[in-house]
Amino acid sequence: MTVTSNTRARVTLPTDDQILITREFEAPTHLVFKAYTTPELVRRWWHANRGEMTLCEIDLRVGGQWRYVMSACSGPEVGFHGVYREIVPGERIVSTEVYEGAPDAEAIDTVTFTATGERTTLTILVQHASRENRDAHINSGMELGLQDALDLLEQTANSLR
Amino acid sequence: MIDGMARAATTTDAFNAVAEPRRREILDALAGGERPVNDLVSMLGLPQPQVSKHLRVLREVGVVDVRDHGRQRLYRLNGPALKPIHDWVSNYERLWSERFDELDLVLEDLKRKEQGDDGDE
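From first to last, the protein sequence lines are chains A and B.
Okay, so the first sequence: first residue is 1 according to the numbering used here, each after it adds one.
Okay, so the second sequence: first residue is 1 according to the numbering used here, each after it adds one.
Hints in this document: simulated from the structure, not taken from any laboratory.
Even for Gly, the Cβ is constructed at its ideal location relative to N, Cα and C.
Check each hint, because a few of them may be wrong.
Claimed, not checked - No farther apart than 27 Å at their CA atoms in a straight line, the calculated lysine-lysine pairs in the BS3-like style are these: (1) B:Lys111 - A:Lys34; (2) B:Lys53 - B:Lys83; (3) A:Lys34 - B:Lys113.
Unchecked claim - Which stretches of chain A does chain B cover? Using the computed rule of at least three CB atoms under 8 Å from a CB of chain B, they are: (4) 22-31; (5) 40-49.
When you get a sec, could you build the whole thing from the sequences and use the hints?
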């Protein structure tokens, strides 16, 4: 298999109610932090080529709010918002996160920026209140939901008996 | 016909089976090929009873198969059983991979600007 220059994001589920996203970048922490917290810059990457960011507000102070809205190529507008709880410039951001399609499922996001030489490891730990909320978060906007996946898994497992 | 309640219980266990970090390590080890339990014990550095317990759970949900080979029992990964769960997480992983690929471009720009400030030629 050919290895491309693109590093993949790694997503793991450390516990039943968490999601952990990890990725290394070829840039120093202060730049990754800047790109992560400056609205004009966030607008350039957060869309993941799946639409256009129609709103990006970042009030980067404890108690300040953030709100991202994306108009997806397929489907309706989706919005996310939250409040900053802790900010250590260049190192760490803790905030709440609410997907506006499921306003009761508030998560706590802890974002860390760790320097390794000239590189930066970015981690995003999403802590949900329950496994149901966590699973719904991962399911959102995907063709195959977890329940579908589990049904397929069970069918496969049963076919082996 | 599908029996709804029994189904829900089994599937929940199936996902738990795969979500446990040690069991993930076992699956990773078996991804390299069929192995007896002793190999797994030395690869993972876990006591054998613990490895056997994890293997039992993995077999119950169908992601690991076992066969007798002489005096040994050989364990192997049943890849197709894992695929749906893998796909479920990897769709989400793909979203973030694509997002971060775009972030790479922004960072390249920022680095170039910073270097430019130090005196461009």
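Indices of hints not satisfied (ascending): The structure breaks none of the hints.
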